[in-house]
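Enquirer: Below are the chains, spelled out letter by letter.
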Amino acid sequence: MSLDILVCVKRVPAPGAKVPLTEDGRDIDTRHLGFTIGPHEECAVEEAVRLVDKHGGSATVLAAGPPEVAEQVRYALAMGANQGVVVDTGEDELDPQATAAAIVHAVGELDTSFDLIMVGNESADAGHYQVGVRVATELGRPVVGGIKGIDVLDGSVRLRRDVGSATEVYELPLPAVVAVKEGLNLPRYPSLPGRLKAKKAQLRTVSYRPEPGGLRKIRLRQPEDNRAESVLLGHGAAAAPAVVDVLEELGVC
Amino acid sequence: MLILAVKVDEHPAWADAVGVARGLTDDVHAVVFDASAVDELPKQGIRVAHVVEHEVLGDYAPEAYGEALAQLVKQVQPSAVVAPGSEKGNEVLAHLAARAGLPLAANCTQVGGTGRPWQLTRIRGGGMLLEDAELDASCGLFTVQPGAGPSNGTAPVDAVDVHRFTPELAAELARTRVVDRAEREAGVSLATAEVVVSGGRGVGSADGYKTLEELAELLGGAVGCSRVATNNGWRPHSDQVGLTGTKIAPKLYIACGISGATQHWVGCMDAKAILAVNTDPEAPMMTRSTYSVVGDLHEVLPAVIDEIRARGRVDQASG
Ligand SMILES: Cc1cc2nc3c(=O)[nH]c(=O)nc-3n(C[C@H](O)[C@H](O)[C@H](O)COP(=O)(O)OP(=O)(O)OC[C@H]3O[C@@H](n4cnc5c(N)ncnc54)[C@H](O)[C@@H]3O)c2cc1C
Ligand SMILES: Nc1ncnc2c1ncn2[C@@H]1O[C@H](COP(=O)(O)O)[C@@H](O)[C@H]1O
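Protein sequence lines correspond, in order, to chains A and B. Each residue of the first sequence is one higher than the one before, starting from 51 at the first, in this note's numbering. Each residue of the second sequence is one higher than the one before, starting from 25 at the first, in this note's numbering.
Chain A with its partners taken away, still in its complex shape (with noise of 0.2 Å):
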């Protein structure tokens, strides 16, 4: 059967080895730094590209935010989704029962009626484990997260998750809401061919401001670190010893 999938991807900052925060506090300082999507959701990008070359239909890609999310939009296409969405919401971060409103309104502005939306399990930079729920719920559709694995079937989906030491197994009359987690496949690198196709795509843009939840974000703030400084055991081969002391000492070997 073809499918027509939307894939909901958050544009959020990609720190390196400390995260900078701006003056008041309120946010990260994203002056110096990368954008990028979430693992999971680049994984829902490509398990929707996949699918759709398996079973036709499309893949179209949303994300809420500023206008800039046009990068991460743009970043989806080139990995082989075939339509756009912006969905400008305004500078300021959203709380997540704003954001789903926002997706919300957004679905019904379009034309498609998507058979599967699928959605990261949490957001990389805020992991609020909520908006594809909502999303969901708002439009009656049945929805489960941690996905690892993924089958259509005639007119529903086969999930997997892993949950401990076993796997459980669901299945969704479509359609339905999927919420995946990295390691559901091995996303691919854009093609250069695809990056210039992405670079060019006209992304259908919808604004709205919603309401905003009741969830309000005061100040970020670095956690403690009081790890005391690091003890250097020494250089190359010659530390073997001094490192198996330690070893020792930990009670390891």
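By construction, these hints were calculated from the structure, which means they are not laboratory data. Treat the hints with care, since some could be wrong.
[Said to hold, decoys possible] Example chain A residues on the side facing chain B (calculated, C-beta under 10 Å, incomplete): (1) R184; (2) P237; (3) C303.
Even glycine gets a Cβ: it sits at the ideal position worked out from N, Cα and C.
Place chain B with the ligands on chain A using the hints.
Expert: Only chain B with the ligands this time, still in chain A's reference frame:
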């Protein structure tokens, strides 16, 4: 003030959720979907349990769990509901939140105040940052980050007053439910291993992990890796440590050729000790570790393996 503490599975963060609730009020009721879980409650000082019963709830069914909770909340009118910040705890409370139209703060390390608004601290990016936030709602919904509960125990109680609650669930809700379950093969699991020998870009190839596997085997540990290794196809994703991989807390984490990006660091920062091996002494993993060795991992690790074997032979000879 009444708080409901929801138990969704066997995750240990359940105790953290109860602890956080009890920090706010003495009036904490448990909500369980499995009647046999009631036996555990007196030890945790819980006097009242709501046992949710319905044929749709026989196995884990997130949508139906959430709907049942929404109906229970309507009936009991608690000030707040807490659940473990585990995968399923977060999932079930998200369903409750969506169905009840309430805000939800996930992975809280602290909850304070008396509501309208609540003050809370939650983790972002798997622990990269802390967020102070306010949550304003008729009923506060929180999941509690594993390990965030208070460590002081509570006095046990003699008996639990059991209230049975049977929600009205449309048959349709059975659509989101476990239909099959399979055990996966067990080795030394990354999540529970006492020692994890982990490798990143510095390992250079899939083949390069043979040395790490050898060392892990000698130490009875597991092999881990960074996202670069997974993305390059050198290791399966199940080996990945970090924000979008596994979060571990072994006795010893040996990080070889891993720079220590925050997204990796949050996965290993709870290790009791970290030994970093890196050619770059300034790599963040080297400066934040407990012990460090400056050098090429392809020289350091074989020498360590030889040294362990040599000492083993001496021990056997003398013992
Ligand atoms: C949203 C998001 C989520 C992410 N989630 C994760 C995650 O879950 N886990 C994760 O690991 N990463 C994650 N990442 C990626 C992360 O940001 C880093 O890119 C990644 O951890 C770097 O891997 P690395 O340390 O192996 O590689 P590099 O950063 O390239 O470091 C390689 C290190 O190896 C050293 N080295 C090189 N050769 C040798 C040698 N012969 N001997 C010894 N040392 C040597 C170098 O000095 C360097 O320090 C995520 C990123 C984002 C944006
Ligand atoms: N601003 C956004 N735009 C598009 N999708 C989003 C946005 N925020 C969250 N999502 C999706 O919802 C998932 C869960 O997010 P969260 O509830 O914040 O953990 C993410 O992995 C995305 O797939």
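Enquirer: Please go over all the hints and tell whether each is borne out by the structure.
Expert: Taking the hints in turn, this is what the structure says about them:
1. The criterion of a C-beta within 10 Å of any C-beta in chain B is met by R184/A, whose closest approach is roughly 4 Å, and the hint holds.
2. Hint on P237/A holds. Least Cβ distance to chain B is approximately 8 Å, under the 10 Å limit.
3. Contact between C303/A and chain B, as hinted, is supported at the beta carbon level, the nearest pair being about 5 Å apart and thus within 10 Å.
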